[in-house]
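**Student:** Residue-level listing of the chains:
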Amino acid sequence: MSVRLSARFAALKRENRAGLIAYVMADDPDPDSALEIVRALPAAGADIIELGFPFTDPMADGPSIQRAGQRSLKAGGSLNSTLALLTAFRQTDHDTPVILMGYANPIEQMGYEAFAANLSGAGGDGAIVVDLPPEEDGPLRAAFARHGLPIIRLATPTTNETRLTTVLAQASGFVYYVSVTGVTGAKAVGAEAARAAVSLLKARTDLPVAVGFGVRDAASAASIAQVADAVVVGSAFVDEIARLVDDGRAHEAPRAVAAKVRELSEAVRAARQMERA
Amino acid sequence: MDARRNWPDLPDANGRFGAYGGRFVAETLMPLVLDLERAYRDAQADPAFAAQMSDFLRDYVGRPSPLYFAERLTEHFTKIAEAEGLGGAAKIYFKRDELNHTGAHKINNCLGQILLALRMGKTRIIAETGAGQHGVATATVCARFGLPCTVFMGATDIERQKPNVFRMKLLGAEVRPVTSGAATLKDAMNEALRDWVTNVDNTFYIIGTAAGPHPYPELVRDFQSVIGREARAQILEKEGRLPDAVMACIGGGSNAIGLFHPFIADESVRLIGVEAGGRGIDERFEHSAAINGGRPGVLHGNRTYLLQTEDGQILEGHSISAGLDYPGVGPEHAYLNDIGRAQYLSATDDEALAAFQLCARLEGILPALEPSHALARVGDVAKELGPGGLIIMNLCGRGDKDVFTVADSLGVTL
Ligand SMILES: Cc1ncc(COP(=O)(O)O)c(C=O)c1O
Numbered sequence: 001m002s003v004r005l006s007a008r009f010a011a012l013k014r015e016n017r018a019g020l021i022a023y024v025m026a027d028d029p030d031p032d033s034a035l036e037i038v039r040a041l042p043a044a045g046a047d048i049i050e051l052g053f054p055f056t057d058p059m060a061d062g063p064s065i066q067r068a069g070q071r072s073l074k075a076g077g078s079l080n081s082t083l084a085l086l087t088a089f090r091q092t093d094h095d096t097p098v099i100l101m102g103y104a105n106p107i108e109q110m111g112y113e114a115f116a117a118n119l120s121g122a123g124g125d126g127a128i129v130v131d132l133p134p135e136e137d138g139p140l141r142a143a144f145a146r147h148g149l150p151i152i153r154l155a156t157p158t159t160n161e162t163r164l165t166t167v168l169a170q171a172s173g174f175v176y177y178v179s180v181t182g183v184t185g186a187k188a189v190g191a192e193a194a195r196a197a198v199s200l201l202k203a204r205t206d207l208p209v210a211v212g213f214g215v216r217d218a219a220s221a222a223s224i225a226q227v228a229d230a231v232v233v234g235s236a237f238v239d240e241i242a243r244l245v246d247d248g249r250a251h252e253a254p255r256a257v258a259a260k261v262r263e264l265s266e267a268v269r270a271a272r273q274m275e276r277a
Numbered sequence: 001m002d003a004r005r006n007w008p009d010l011p012d013a014n015g016r017f018g019a020y021g022g023r024f025v026a027e028t029l030m031p032l033v034l035d036l037e038r039a040y041r042d043a044q045a046d047p048a049f050a051a052q053m054s055d056f057l058r059d060y061v062g063r064p065s066p067l068y069f070a071e072r073l074t075e076h077f078t079k080i081a082e083a084e085g086l087g088g089a090a091k092i093y094f095k096r097d098e099l100n101h102t103g104a105h106k107i108n109n110c111l112g113q114i115l116l117a118l119r120m121g122k123t124r125i126i127a128e129t130g131a132g133q134h135g136v137a138t139a140t141v142c143a144r145f146g147l148p149c150t151v152f153m154g155a156t157d158i159e160r161q162k163p164n165v166f167r168m169k170l171l172g173a174e175v176r177p178v179t180s181g182a183a184t185l186k187d188a189m190n191e192a193l194r195d196w197v198t199n200v201d202n203t204f205y206i207i208g209t210a211a212g213p214h215p216y217p218e219l220v221r222d223f224q225s226v227i228g229r230e231a232r233a234q235i236l237e238k239e240g241r242l243p244d245a246v247m248a249c250i251g252g253g254s255n256a257i258g259l260f261h262p263f264i265a266d267e268s269v270r271l272i273g274v275e276a277g278g279r280g281i282d283e284r285f286e287h288s289a290a291i292n293g294g295r296p297g298v299l300h301g302n303r304t305y306l307l308q309t310e311d312g313q314i315l316e317g318h319s320i321s322a323g324l325d326y327p328g329v330g331p332e333h334a335y336l337n338d339i340g341r342a343q344y345l346s347a348t349d350d351e352a353l354a355a356f357q358l359c360a361r362l363e364g365i366l367p368a369l370e371p372s373h374a375l376a377r378v379g380d381v382a383k384e385l386g387p388g389g390l391i392i393m394n395l396c397g398r399g400d401k402d403v404f405t406v407a408d409s410l411g412v413t414l
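Sequence lines, in order, name chains P and L.
Numbering of the first sequence is given in our numbering, commencing with residue 1 and proceeding in unit increments.
Numbering of the second sequence is given in our numbering, commencing with residue 1 and proceeding in unit increments.
FYI, nobody ran anything at the bench for these hints, they're computed from the structure.
Quick caveat, the model's predicted, so the values are computed rather than measured.
Ideal Cβ placement from N, Cα and C applies to all residues, glycine included.
List of simulated lysine-lysine pairs, DSBU-like, C-alpha gap at most 30 Å:
1) P:K74 <-> P:K187
2) L:K79 <-> L:K238
3) L:K169 <-> P:K187
4) P:K187 <-> L:K122
5) L:K383 <-> L:K238
6) P:K260 <-> P:K187
Here are a few chain L residues that face chain P, going by a calculated C-beta distance under 8 Å:
7) N14
8) R23
9) M30
10) L193
11) R194
12) V197
13) G297
14) L299
15) E310
16) D311
17) G312
18) Q313
19) I314
According to the in silico footprint, chain P covers these stretches of chain L (three or more CB under 8 Å from chain P):
20) 179 to 186
21) 300 to 308
Could you build the full structure based on these sequences and the hints that come with them?
**Tutor:** Here you go:
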């Protein structure tokens, strides 16, 4: 299993706080800016990075991440260029875990074994593949196992008891709870329901539990951070990039994303202190 | 005389046709497709479901559709064959699914799926559409059974297919324009899947072709197999024997698999699909021939042949016929191709257009541009089989919807 990932979750536990997992899309808005954006994430407070690789048909993503993917593709983004970005990031950062997130087809075209080898070689720490449910992730799981990489499983509000057994059976790394029935960034998450789901999951697995998909602001991030091991935020960061690109100020994107990450990271870090106070 | 081979019952328990098919969906949708599969098994075991289907197919859709001997087309190809020094051409029959209510085969499937939706207690229907034929068929059954209907349609297609958009609205459906991606059929399907992920409790997604996550390819095939079952019985009655070839156009492949499936175990019957060759099958990708010009990959819940780039990005494709303009193909066709049981040819825009006009003048039938692609290859197969041969072609839709496109292509202003 990825040492970086387990070390990071162990450290979070020692610090008695939740982590912030920051999602951005590779090569959005262009390869150089994206590298700058990703490089700035750890210092701004991202504990783990989720790096999207683009796909033309992102069926589980809302408008924000759809457009991020289109900007990335327009800038020449691909699974290969995502791995190149990761390799470049690893030259200066050896500790921050990076998880790739995307859809199955680019991986199918690269080949499961080649993808596992390339991801491991680039310094990646696992992957989330939205359209590979447990029934379909066998080949990737086998390839990942050979390279010590976890495949992150998703649980959702539609995951019932029996289904959860299937989901958790070969889960590794952490469990990603998708807190809304809907696409990424769609509607504000009901923090209460998410907290209840996290308790249920924690009763069933020793793996860390991260919550994502509908978390956009500091308040909901903080509320979830009181119970979850990590909070995933994506659309809120990607929207900063979109706003600046639309304004013709793409060069300001790295600083704007970092500022937003800092805001959410502070909320996540303060969450359990607040609770105790 | 005609060998019926033991044919494996596919898909398997994982929804696979060999390497193809499967359930490549987000975890949120997994419980829903598993539910749908349970409900379908339940319906299959219930004679009342079959009885209900056959009543509506007869009285509402107008089945059985006739099997018609296309005598003048047969004569036409015979003359050409003779002029070429060949012995003659095979007899050509049309399976006339264009005579169905709403003018295409799409309604066979929509009827089956809405009856399933009602059994499952669903109260809202969604669908994707490209040309609008599946959208119209879905809106039709929704009106008939009193369920609200939302049809996702690419903004580009809405512009190209105004009459069908208005038809859907007359039938009470909401047509929701999709502007993401290239704003055509595949984007409409993405948007329908996003809606389904969002409205998991009350919504039933009626997919329009034999593709998507398991069990859709199976149940769409089963609902469309009425075409092949009827055709098989009708040809035995008219000719006393099985055909030598059955032919159909391939968009996602639902009309084709519906015709093919009941003949699959009849080893002597050639199964021939015709893909949309657009402006030619080459690296420009100005076609929609997923099998002839694509590679296997994963999209919209299944593994199948897809038009795509080296690094797995999906391409748009092109066809003069909006109903064939899809970058994938149903997984069972991918499988039948690989094992060699079915053969997949293609026809270009121009060939389809010529076949459309030929059929109009010789048979007094305006075929849809989709089956015009199949018709464009019928002549070749008829010559190859020679006199005494028998072909059934699925005339799966009527061409009224296409008169504007055809006029445009012929340089006529209406
Ligand atoms: C008349 C007609 N034929 C064929 C098709 C293609 O679909 P399929 O390959 O699923 O039969 C369509 C789709 O809209 C259609 O309207």
